[in-house]
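Line order of the protein sequences matches chains W and H. My numbering numbers the first residue of the first sequence as 1 and each following residue consecutively. My numbering numbers the first residue of the second sequence as 253 and each following residue consecutively.
Some hints here could point you the wrong way.
Here's a subset of chain W near chain H, in silico, CB distances under 8 Å, partners left out [said to hold, decoys possible]:
no.: 1; residue: 46
no.: 2; residue: 57
no.: 3; residue: 89
no.: 4; residue: 91
no.: 5; residue: 93
no.: 6; residue: 96
no.: 7; residue: 100
no.: 8; residue: 108
no.: 9; residue: 110
no.: 10; residue: 111
no.: 11; residue: 112
no.: 12; residue: 118
no.: 13; residue: 122
no.: 14; residue: 128
no.: 15; residue: 150
no.: 16; residue: 151
Derived by calculation from the structure, the hints in this document are not laboratory data. Don't be surprised by glycine CBs; every beta carbon is placed ideally from N, CA and C.
Given next are the chains, with one letter for each unit.
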Amino acid sequence: MRKKSFLLLVVLLFTRQPAADSAIDARAIIREAIDYYRGLSSYSEMTMTIHRPDWERTLSVQAWSSGSKKTLVRVTAPPRDAGNATLVLDDNKVWSFAPRINRVIRIPSSMMSQSWMGSDFSNKDISRTDEIVDQYEHRLVRIDDQEGHKVYVIESIPHEEAAIVWGKEISHIRDDHVELQHQFLDQDMQTVKTLDTLDIQKMGGRLFAVQQRMNMQEKVDEWTEFRVLTLDFDRDIPDYLFTLSNLRNPRE
Amino acid sequence: MSNTTTLLAWRNIWRHPRRTLLTITAMVFADILLVFMLGLQFGQYRMMIDNSLRVFTGQMQVQASGYLDEPHMYRTIPEADPLAGRIRKNTGLDAASVRAYGFALVSSDTRTLGAQVSGVDPQHEPLVSSIPGLVKQGRYLQGRSDNELVVGSILARNLNVRPGDELTLLGNGRDGSIAATVAPVVGIFESGNHDLDRQMLSMPIDAFREMFSMGDEAHSIVIGGKRDRADRIAAGIRAVLPADKELVLLSWEKLLPGLKQAIQADFTSAWFMYLVLIVLVAFGVLNTLLMSVLERTHEFGILLALGVRHGRLGRMIITESALLALTGLLLGMLAGGLLAWYFLVNGFTYPGMEAMGERFNIPSVLHPEVSLRSLLPGPLAVFIATLLASLYPIWHMRKLRPIEALQTF
Numbered sequence: 001m002r003k004k005s006f007l008l009l010v011v012l013l014f015t016r017q018p019a020a021d022s023a024i025d026a027r028a029i030i031r032e033a034i035d036y037y038r039g040l041s042s043y044s045e046m047t048m049t050i051h052r053p054d055w056e057r058t059l060s061v062q063a064w065s066s067g068s069k070k071t072l073v074r075v076t077a078p079p080r081d082a083g084n085a086t087l088v089l090d091d092n093k094v095w096s097f098a099p100r101i102n103r104v105i106r107i108p109s110s111m112m113s114q115s116w117m118g119s120d121f122s123n124k125d126i127s128r129t130d131e132i133v134d135q136y137e138h139r140l141v142r143i144d145d146q147e148g149h150k151v152y153v154i155e156s157i158p159h160e161e162a163a164i165v166w167g168k169e170i171s172h173i174r175d176d177h178v179e180l181q182h183q184f185l186d187q188d189m190q191t192v193k194t195l196d197t198l199d200i201q202k203m204g205g206r207l208f209a210v211q212q213r214m215n216m217q218e219k220v221d222e223w224t225e226f227r228v229l230t231l232d233f234d235r236d237i238p239d240y241l242f243t244l245s246n247l248r249n250p251r252e
Numbered sequence: 253m254s255n256t257t258t259l260l261a262w263r264n265i266w267r268h269p270r271r272t273l274l275t276i277t278a279m280v281f282a283d284i285l286l287v288f289m290l291g292l293q294f295g296q297y298r299m300m301i302d303n304s305l306r307v308f309t310g311q312m313q314v315q316a317s318g319y320l321d322e323p324h325m326y327r328t329i330p331e332a333d334p335l336a337g338r339i340r341k342n343t344g345l346d347a348a349s350v351r352a353y354g355f356a357l358v359s360s361d362t363r364t365l366g367a368q369v370s371g372v373d374p375q376h377e378p379l380v381s382s383i384p385g386l387v388k389q390g391r392y393l394q395g396r397s398d399n400e401l402v403v404g405s406i407l408a409r410n411l412n413v414r415p416g417d418e419l420t421l422l423g424n425g426r427d428g429s430i431a432a433t434v435a436p437v438v439g440i441f442e443s444g445n446h447d448l449d450r451q452m453l454s455m456p457i458d459a460f461r462e463m464f465s466m467g468d469e470a471h472s473i474v475i476g477g478k479r480d481r482a483d484r485i486a487a488g489i490r491a492v493l494p495a496d497k498e499l500v501l502l503s504w505e506k507l508l509p510g511l512k513q514a515i516q517a518d519f520t521s522a523w524f525m526y527l528v529l530i531v532l533v534a535f536g537v538l539n540t541l542l543m544s545v546l547e548r549t550h551e552f553g554i555l556l557a558l559g560v561r562h563g564r565l566g567r568m569i570i571t572e573s574a575l576l577a578l579t580g581l582l583l584g585m586l587a588g589g590l591l592a593w594y595f596l597v598n599g600f601t602y603p604g605m606e607a608m609g610e611r612f613n614i615p616s617v618l619h620p621e622v623s624l625r626s627l628l629p630g631p632l633a634v635f636i637a638t639l640l641a642s643l644y645p646i647w648h649m650r651k652l653r654p655i656e657a658l659q660t661f
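Isolated chain H, as found in the complex (with noise of 0.2 Å):
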């Protein structure tokens, strides 16, 4: 019975192939169009991840437990440098890199300010951190013990400091003693970031320990490396922490929620321009139907009249849309799919984004994601909206008596 349902529904859509390939064409592209933009989206969302990753958080840190809430320079995570030599060899990972913040009041000849110190490993820093491959003037730092500095750029200009000036730094040490130094500028970073440009500045891990009393300790390990990888290297880590919970492994989820809520509510708004579009679609689908149902009030009029109840009636319709709707969403999956992909493998990109890829260190193109979570929704929801707005027709039909059906033409 059902077999011949579908096969009446099937000729059905076909009986205006124009019309009906009209109605397929509006879902394929409304089906590109989502299937494109939420590639684009997640591809966008990404990169500006790996973009806020990259700079200096990493994509997970080890840090001392209680140390992100309330960052006391005495919550540390002892013998750092042997567990990040543990971390690395574990993973497989060479982006593991240790470092340690204080706080100093940093002079130059003419001002004093505050400002955020990390000492950090110049061996395994440029693989976890894009910074040291933002140096603008100058260079980056060398030895690990090397007393010098690399200073953020508008916190040099507040300073009037260039490479090669010096700077004093005086804050406390992690057992609350009086920490000093006087080292020289060598080079000056520009992240982008403007937090860190106006308020930080890096010493060499052990030249940091130095001054701040810090013995073998460390504040964070941080990780870089790739984000798809993250749960294979989380549990390489957390293999190699000593099991007494007193140092925990940190997701960037953690380290930076604001950037995750960022992305949420951008999501969110994007939605609503989605639903607007798939409502759009549902009308004109339901349009179509519509014409198609009423302009056959006189054949349905004989149908029952042969006997044919309501409700197979009312199936019938909802098969031809359904098979409409169907059609749509494989076609407009593979076209939109086929368009995201193509983006992957050449790049997307926009007037400027070159320029400001190169100038902050970071890819200029952007990659669409082709994945089940950017293929599918768009699609389904215009599917299901399509399914929806056949109930219309349906209800319109279900009180039709074969006499005053075949009185219409």
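One chain only, chain W, in its complex shape (with noise of 0.2 Å):
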């Protein structure tokens, strides 16, 4: 009897592994790929390109990121736009400056899927804080092998209470947290977006996805790329950089 209940307790056990283990996996390669994307902090130097099938532009765009929730971004270049930032301090507190008008805006939480600067990322796209670990519900669909590295296929559904606009989220991250490909889904669970990454390459000390994509699905030809033109890791970023003082009257 009581050697019965223990293979029990046994089977049990083993039979439950796996499922939290997958869960568990899941969740944990996000935010080891949100963490290495983010670093403790980073200073980044990119350009933005918008592409329509008339007109094409590219911004150049200064980022700073602190812990896994602040970001801070300004347009450099061209002129007419130069100076414009976004400040993001948590997943829904976003503020926006124009210099032109000399005003500070924070985003309401319903603007958060609308774009940004006219691109094809979204406020909250361009936030990119770790919001996806905590709100999401995440399980591996599969492992791929892609050139020696194993690429995990996850798909994240937001919790029902969560404040998301899409049905599901697919991302592929590397085993050496490189996210290749991130596909956003409506609630009908069509694709409307998808995150493709185009090059890789070392810079700041580590691998990084230096060039992405974003691609509407709807609309061929349309499209915004990021490519990453310098890169730093965990230096030393002051906290008044992340103030709404600081988005009005930057102090570099």
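Taking the hints as your guide, dock the two standalone chains into a single complex.
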């Protein structure tokens, strides 16, 4: 009798284990990828190219990040747009500064899925906080092999009560934490847009997705591409950088 | 022969003048009701369309092709002002106004909301839209390049602004650059259209172009004017549109497909009611006809005995009902038309309409339509139903034998 119940316990333990494992795994993989991407802190210079069927424009952008929530993005060129900046302090705490009118505007949470500076990235995409880790349920769908690397394909579904517009997100994350692809699906599980990594290079001391392009599903020939020019991790970034007063009057 | 039949039929129906008059009266009343209701309905639809269109949409619009389906900011009409000028000149119609649309985050001291910004030509906008006349606080826009705003009433309430307050606008320009401005609110409009009142603010077109980097472009040229001249106006506009098909002229049916569908749905359900009325009248007539046939069985027996064929008897009965129906048709159309015409001239109104009209800057009197499409269908349907009703008595008579018939009294 006693032996039997012990056996049952063992069986239960072993049958439950893999499921729990994969749940922890998937979430951990996402967490690690974000930590890898953001570092403890980071500074980068990038170009953002918005492509449309009949025109294309490129912005130069500086970005600072600290921890898993704070981000500051500032446009440096072209002159007409230079000085426009966005400050992210938390998942839904985003401010925008327009030098032309010298005003700081808080982006309401209802506008978080609106386009950022006319690009195919939303305000939410730009903030790139670790919101996805806790607001979503993660599941490891499969593990692909690519050039000797394992690629984890993870399906993330927002929690019922989370204020997320997506129905599902699918990330392809390489075993060295570099994200290769990120798909955004709407509530009907139709793909809306896909972020593809086009180039991976060693930069700032780590392998990094230095060229990423957001493709809109329904619209051929419409995309926005980020290209990282310089990247520096874990440098000492002062806290005053992430304040409203610095957003309005940059101190650097 | 047929003359004799007609004469016989005519005399037959007047053998019971009271019964015939009653039957005709039933038809005439049904006709009056149908003609008047249809006229009123068409009048109401016209008013509905006019009221919807005059708020903001206009009778038709020139747009860049594809803009209607996917209103991207870069799908514009180049050199819009000269084109609008040519349209005004060629159609002789002043009511042509350029407009541009954009999206912006609108921020007051306390709140930030997303809203639709429309850039309008303050001089011509009042000719194509009723919004300038619906400013409830403050005033409408004045100069083409003044940096000022007129805000929808619900939006103003949500932003907690009054005329004199400032709003900050932040959006994306036509070239993707950051569009930003700070401008004072000079007026607040209440159009009665919930969406517009909640989502829209207007600013002068040149200020809009400055903010959104639009150059000399616009997103639509809105045409107002009377709808009954629409075809001629459309032809006049097409003549001045560039031939390269980059620009399209869209009728209100294309611009507001929902309105047309709503009207069609309403019309269909109304016809069901009319159908019931028509069937009721048809059964009344059937009753009369059947009675008049049955009571003449003996008489038909004599006719048959004299050598009249069944076919001719049938023709006589159908002629009787045709004469009856025709009299009803003519009198009904006349009376219904007169009634509708009376209200067309004097206007039709019901309690509450006046207050509503005043509030939303729309006419408070309804004018029924008097036209072939309102006069004809109802009476014609009653006419046909009456003819169909006469088939049953004829079918009933088809096997009548002289001997048996003669024995019936």
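Evaluation of the provided hints:
Taking 8 Å as the C-beta cut-off, the interface hint given for residue 46(W) is violated, the closest approach to chain H being about 16 Å. The beta carbon of residue 57(W) is positioned within 8 Å of a beta carbon in chain H (closest approach about 5 Å), and the interface hint is therefore held. Of the supplied interface hints, the one on residue 89(W) is violated, with its beta-carbon coming no nearer than about 16 Å to a beta-carbon of chain H, more than 8 Å. Because the closest C-beta pair between residue 91(W) and chain H is about 17 Å apart, greater than 8 Å, the hint is violated.
Taking 8 Å as the C-beta cut-off, the interface hint given for residue 93(W) is violated, the closest approach to chain H being about 13 Å. For residue 96(W), the interface hint holds, the least distance from its beta-carbon to any beta-carbon of chain H being 6 Å, beneath 8 Å. Proximity of residue 100(W) to chain H holds as hinted, the smallest CB-CB distance being about 5 Å (cut-off 8 Å). Satisfaction of the interface hint for residue 108(W) is found here, the shortest Cβ-Cβ separation to chain H being roughly 5 Å, below the 8 Å cut-off.
At a threshold of 8 Å, the smallest CB-CB gap from residue 110(W) to chain H is about 7 Å, leaving the interface hint in force. Annotation: interface hint on residue 111(W) holds; nearest CB of chain H at approximately 5 Å, less than 8 Å. Using the Cβ-Cβ criterion of 8 Å, the hint placing residue 112(W) at the interface with chain H is not satisfied: the shortest such distance is roughly 11 Å. Annotation: residue 118(W) was flagged as interfacial toward chain H, and the flag holds, the nearest CB pair being 4 Å apart, inside 8 Å.
Because the beta carbon of residue 122(W) sits about 13 Å from the nearest beta carbon in chain H, more than 8 Å, this interface hint is broken. The interface hint given for residue 128(W) is violated, since its Cβ lies 21 Å from the closest Cβ of chain H, which is over the 8 Å cut-off. At its closest, the beta carbon of residue 150(W) sits 39 Å from a beta carbon of chain H; the interface hint therefore is violated under the 8 Å criterion. Checking residue 151(W) against chain H: minimum C-beta separation of about 34 Å lies over 8 Å; hint violated.
Violated hints, listed in ascending order, are 1, 3, 4, 5, 11, 13, 14, 15, 16; each of the other numbered hints is respected by the structure.
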